Amino acid sequence: MIKKIAYTLFLTWPTALLTNEPKDWQLGFQKSASKSMDDIVWFHDYMLVPIITAITAFVLFLLLYVCVRYRASNNPNPSKTTHHTIIEVIWTVVPVLILVVVAVPSFKTLYYGDRAVDPDMTVKVIANQWYWTYEYPDQDLSYDSYMVPKEEIDPKTQTYLLSVDNPLVVPVGKKVQILVTSNDVMHSFYLPSAVVQIYGIAGRINETWFRAEREGTFYGQCSELCGIKHAFMPIEVRVVSEEDY
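Counting in our numbering, the sequence shown tops out at residue 330, every number present.
In case anyone wonders, no lab produced these hints; they're calculated from the structure. Quantities reported herein were computed from a predicted structural model and do not represent experimental measurements. For every residue, glycine included, the Cβ atom is placed at its ideal position computed from N, Cα and C. Among the hints, a few may not be true.
[Claimed, not checked] The calculated label-pair distances, taken between Cβ atoms and stated as ranges, are:
#, residue 1, residue 2, range
1, Tyr221, Ala188, 12 to 20 Å
2, Gly312, Val185, 29 to 37 Å
3, Pro240, Thr194, 18 to 26 Å
[Stated by the list, open to error] Once the Cα atoms are required to be at most 30 Å apart in a straight line, the calculated DSSO-like pairs of lysine-lysine come out as:
#, residue 1, residue 2
4, Lys193, Lys314
5, Lys259, Lys193
6, Lys116, Lys260
7, Lys259, Lys120
8, Lys209, Lys193
9, Lys108, Lys235
The task is simple: from the sequences and hints, build the whole structure.
And the structure:
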């Protein structure tokens, strides 16, 4: 069983990085489709490799050192020290410095994706139980987007639980302002490849944005438990050239 899992991971991991949809046994993020996603991947690697790995290794070293250096056989008369000024200053200042090193790129990445500044176009996304409605205010266009049922799936061009009948279509390289709301319960509009995730709440409009840097078809899903068919309201975004749009 372990060999089978390892073999599956080996086969699917390189493929998953080159496609726009999740794969079985996928490791890591989906391939980026926007600068926001590039920033998130960089921040993830920045946190995981130099910071978290260093902290984990240092704490492990301290635990092993304490276990060996201060074991009972080596200390028949244990120390009764309760305070040490230098150590207390260090374990107060060092975590503060670590938090600053984490906070600066974190806030930069967070605020970059907060609001659309001078968007090229606007799309209003309305969540329903259990489908999406897309409105293009500038083009006076509106339509509903439902998941393609399993019995109607074309295995050559579509993916069950991800493909829809009417996808959201946007041009490549354009800043798209996304306004999200809901007609009923709380939903969440989530597009991993572009790092778009925002709640749809009835009576309120939330804003986000993305700019696709390459053409393709990208998938997402509602990521908020919204009822019995929560798993059946996927998001399909087709990024096309400006001419085709």
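The hints, checked one at a time:
A beta carbon spacing of about 38 Å between Tyr221 and Ala188 contradicts the range 12 to 20 Å that was offered as a hint. Evaluation of the 29 to 37 Å hint for Gly312 and Val185 yields a failure: the beta carbon distance comes to about 43 Å. For the hinted restraint 18 to 26 Å between Pro240 and Thr194, the CB-CB distance of approximately 38 Å leaves it violated. Distance check on the hinted pair: Lys193 and Lys314 sit about 36 Å apart at the alpha-carbon level, beyond 30 Å; violated.
Of the pairs offered as hints, the one joining Lys259 and Lys193 holds, with about 21 Å between alpha carbons and a cut-off of 30 Å not exceeded. At roughly 19 Å between alpha-carbon atoms, Lys116 and Lys260 fall within 30 Å of each other, so this suggested pair holds. For the proposed pair Lys259 and Lys120, the alpha carbon gap of about 12 Å is at most 30 Å, so the pair holds. Restraint check for Lys209 and Lys193: the C-alpha separation of about 26 Å stays at or below 30 Å, so the hint holds.
With a C-alpha separation of about 18 Å, the suggested pairing of Lys108 with Lys235 holds against the 30 Å cut-off.
Figure legend: structure checked against the earlier numbered hints; hints not met, in rising order: 1, 2, 3 and 4.
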